[in-house]
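With chain U fixed as given, assemble chains R and H onto it according to the hints.
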Amino acid sequence: MKLTQLQNKYQIALLSAFAIGIHSIENLLPSPIPWLRFGFANIITLIALYIYGFRAAFTVTLIRTFISSLINGTFPGPAYLMSLGGGIAATISMWLIIYLIPHLFSAVGISVIGAFFHNTIQIFIAYLLLIQCLEPVILVSPLIILAGTIAGTINGIVAEFVIANLKNQLKPT
Amino acid sequence: MNTIVSITAVSESKDKAEKAIKAAFDEINKIQKLTDFYSGKSEISLINKNAGVSPVKVSGTVIEILEKALDVSEKTKGSFDITIGAISSLYDFSKNIKPSNKEILKRLKYVNYKNIIIDRKNQTVFLKKKGMLIDTGGITKGYASDKAAEVLKINGIKSGIIAVGGEIHAFGTNPDNKLWKIGIKDPDPNSEENDIIAAIELSDSSISTSGDYQRFFILDGKKYHHILDPKTGMPADLCRSVTVIGKENSMTDALATGIFVLGPEEGIKILKENGLNGVIIDKKNNLIITPELDKKIEFTSNCSKYNKS
Amino acid sequence: MNLHQIVRNTTKADRILILFLIIFCFSLIIFFNRIFSNKPSIHIYSEGKEVYILSLNENNQVNIKGRLGITTIEIKDKKVRFISSPCKNKLCIKQGWKDSGSIICLPNNVIVSIGEYRKGGIEIDAITK
Chain U
1 MKLTQLQNKY
11 QIALLSAFAI
21 GIHSIENLLP
31 SPIPWLRFGF
41 ANIITLIALY
51 IYGFRAAFTV
61 TLIRTFISSL
71 INGTFPGPAY
81 LMSLGGGIAA
91 TISMWLIIYL
101 IPHLFSAVGI
111 SVIGAFFHNT
121 IQIFIAYLLL
131 IQCLEPVILV
141 SPLIILAGTI
151 AGTINGIVAE
161 FVIANLKNQL
171 KPT
Chain R
1 MNTIVSITAV
11 SESKDKAEKA
21 IKAAFDEINK
31 IQKLTDFYSG
41 KSEISLINKN
51 AGVSPVKVSG
61 TVIEILEKAL
71 DVSEKTKGSF
81 DITIGAISSL
91 YDFSKNIKPS
101 NKEILKRLKY
111 VNYKNIIIDR
121 KNQTVFLKKK
131 GMLIDTGGIT
141 KGYASDKAAE
151 VLKINGIKSG
161 IIAVGGEIHA
171 FGTNPDNKLW
181 KIGIKDPDPN
191 SEENDIIAAI
201 ELSDSSISTS
211 GDYQRFFILD
221 GKKYHHILDP
231 KTGMPADLCR
241 SVTVIGKENS
251 MTDALATGIF
261 VLGPEEGIKI
271 LKENGLNGVI
281 IDKKNNLIIT
291 PELDKKIEFT
301 SNCSKYNKS
Chain H
1 MNLHQIVRNT
11 TKADRILILF
21 LIIFCFSLII
31 FFNRIFSNKP
41 SIHIYSEGKE
51 VYILSLNENN
61 QVNIKGRLGI
71 TTIEIKDKKV
81 RFISSPCKNK
91 LCIKQGWKDS
101 GSIICLPNNV
111 IVSIGEYRKG
121 GIEIDAITK
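Which chain is which? The protein sequence lines are U, R and H, in order. Reading the first sequence from the start, the letters are residues 1 to 173 in the numbering used here. Reading the second sequence from the start, the letters are residues 1 to 309 in the numbering used here. Reading the third sequence from the start, the letters are residues 1 to 129 in the numbering used here.
Looking at chain U on its own, in the form it has when it is part of the complex:
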């Protein structure tokens, strides 16, 4: 019991480190619209969810958004809140779907659902904190969700790939 707890902590730290790395590098990439990102860090959340469960995934998300915002200097501004809100929304939505209807979607579908809620919540927070003007939000939302769906699909494929390989490795020898 103690050993598994320790192992879990070690794995959460490792996954968080990966997620922070990916998140930070992604922030350096140029983007056509501000806060339109690929969301590669969601791959880590997805992997954590599939292999270690909700608690691990949620912890990784919290650590990832917090440390990344410190690195990027956005803590505790609106960008951090958007990132946090989006991350939590994605994690919860993905977990709920996996938990409630386990075999309906593969990791690809789950990833797309995560991306969808991630973006929706982010747009909502952006509206509350930054824009406060409905028209541009409504105009840009479909674009963001469309981009999110495509990115989510790609992320899902990558996650599926990693999960399959990890599961092979984790099989008791």
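Among these hints, one or two may not hold up.
[Said to hold, decoys possible] No farther apart than 30 Å at their CA atoms in a straight line, the calculated lysine-lysine pairs in the DSBU-like style are these:
(1) R/Lys247 <-> R/Lys153
(2) H/Lys98 <-> R/Lys308
(3) R/Lys305 <-> H/Lys65
(4) R/Lys305 <-> H/Lys12
(5) R/Lys283 <-> R/Lys308
(6) R/Lys222 <-> H/Lys49
(7) R/Lys295 <-> R/Lys269
(8) R/Lys57 <-> R/Lys109
(9) H/Lys65 <-> R/Lys296
(10) R/Lys223 <-> H/Lys90
(11) R/Lys295 <-> R/Lys222
(12) H/Lys79 <-> R/Lys305
(13) H/Lys94 <-> R/Lys283
(14) R/Lys121 <-> R/Lys49
(15) H/Lys79 <-> R/Lys283
(16) R/Lys305 <-> H/Lys90
(17) H/Lys94 <-> R/Lys223
(18) R/Lys106 <-> R/Lys95
(19) R/Lys283 <-> H/Lys88
(20) R/Lys308 <-> H/Lys94
(21) R/Lys296 <-> R/Lys247
(22) H/Lys49 <-> R/Lys308
(23) R/Lys272 <-> R/Lys296
(24) R/Lys223 <-> H/Lys88
(25) R/Lys308 <-> H/Lys79
[Stated by the list, open to error] Every beta carbon over 10 Å from chain H, so not counted as near; a handful from chain U, in silico:
(26) Ile22
(27) Leu62
(28) Leu128
For the record, the hints were derived by calculation from the structure and aren't laboratory data. Every residue gets a Cβ at the ideal spot worked out from N, C-alpha and C, and that includes glycine.
Just chains R and H now, with coordinates in the frame of chain U:
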């Protein structure tokens, strides 16, 4: 030429373009030397010195310019008249000098384009009355840009744009393979150098604008600008800005001045008669365009100051 | 496991979901563009920078910080006007309600334009003057 000349040639070869542009500049300089009102050595000065004395043998270029000028004088019933030199030389727009009404009246008799006698066969020009002065400033810029365009074409350039002051001759397409887009200066004296009221796309055409904002001074609260009415010798006051679009820039240059003097109603009539297009802002800030232009013109918000009809 | 296998492993629900979202977003984009394209907007510029884009259809009151101080404008019934301005001559306020064109306050360097304000906005090759 007492103004900024810019020549753009579109070509796949830099050498070819540079060579053509140099030749075009040479052509413009040549025309400038022949027609300079102030130089004393120019053929125009020679003609003026011999006014009422004898015909002067001149180059084909000067004959051509004078014939084009007389053509526009006919078209505008004398509202464009190069013999205005007798009066315009009394004004000095850099030193705010305005001649007295008496001086103007005294010289008004020297202003009549019909007293220019061109002998094509012997290539001579004669001014009938002593005291007459011709100043081709109202047409040489346009003429020079036409000639520069010809030189570019002879040098194998398929697309280019020449601006001699605000007189523009464009042919072919711009470097983005689109029609050339020309802005019309906002005549508002408070506007900035590059403020435009509208833009027009054109190719193989010329465009010229005459405005009361180009050269002027204010004396005793009255504005004196450089476009003089040949009938009164005083600055014309019916228009603020006249833009003419046509094939030849010599024609649009002179016609813009003539129409500025004639006023908006007559002006639009003349444009229509000659199959030309134009934009006129009159003294009441009405903005009038020829009907054909409706689809080709793109207004900017600067023109909100003017009443579009 | 390769890409081919992963794609084969996706469930029917995955594919329906992705397809649905893509079609949904595209139709929304087309739909919104139709609705909003003709809707006039008010562009507000201060000291040469665009600071607000507002709808002409929503009543509103906005403070804009200009070179001298705060300019207040009001949008009502698809028209716009300057309410207060720190400039001396108050020409901008005197222009009253406008439903097209632009109101410019030079002293405070504030421009309110219905539709886009195109000063150098039109790309041109030359100017006739």
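For lysine 283 of chain R and lysine 308 of chain R, compute the direct alpha-carbon distance and say whether it is at most 30 Å.
Given that 30 Å is the threshold and the Cα spacing comes to 13 Å, the pair holds.
Hinted pair, alpha-carbon criterion (30 Å max): lysine 65 of chain H, lysine 296 of chain R. Please report holds or violated.
With Cα atoms ~38 Å apart, lysine 65 of chain H and lysine 296 of chain R exceed 30 Å; violated.
Pair hint lysine 296 of chain R and lysine 247 of chain R, alpha-carbon separation not exceeding 30 Å:
16 Å, holds
Do the alpha carbons of lysine 121 of chain R and lysine 49 of chain R lie within 30 Å of each other, as the hint requires?
Since the Cα atoms of lysine 121 of chain R and lysine 49 of chain R sit roughly 22 Å apart, the hinted pair holds (cutoff 30 Å).
When you check the alpha-carbon spacing of lysine 94 of chain H and lysine 223 of chain R, does it fall within 30 Å?
Holds, because 26 Å separates the two Cα atoms, which is no more than 30 Å.
Given the hinted pair lysine 308 of chain R and lysine 94 of chain H, is their alpha-carbon gap at most 30 Å?
Holds, at about 21 Å.
Does the alpha-carbon distance linking lysine 223 of chain R and lysine 90 of chain H stay inside the 30 Å limit?
26 Å, holds
Could you grab the alpha-carbon distance between lysine 98 of chain H and lysine 308 of chain R and see if it respects the 30 Å cut-off?
With Cα atoms ~15 Å apart, lysine 98 of chain H and lysine 308 of chain R stay inside 30 Å; holds.
Given the hinted pair lysine 295 of chain R and lysine 222 of chain R, is their Cα-Cα distance within 30 Å?
Since the Cα atoms of lysine 295 of chain R and lysine 222 of chain R sit roughly 38 Å apart, the hinted pair is violated (cutoff 30 Å).
Do the alpha carbons of lysine 308 of chain R and lysine 79 of chain H lie within 30 Å of each other, as the hint requires?
20 Å, holds
With a cut-off of 30 Å on the C-alpha distance, tell me whether lysine 106 of chain R and lysine 95 of chain R pass.
OK: lysine 106 of chain R and lysine 95 of chain R at ~22 Å, within 30 Å.
Distance rule for leucine 128 of chain U, whose beta carbon must clear each one in chain H by more than 10 Å:
18 Å, holds
Comparing the model with each earlier hint shows violations of hints 4, 6, 9, 11; every other hint is respected.
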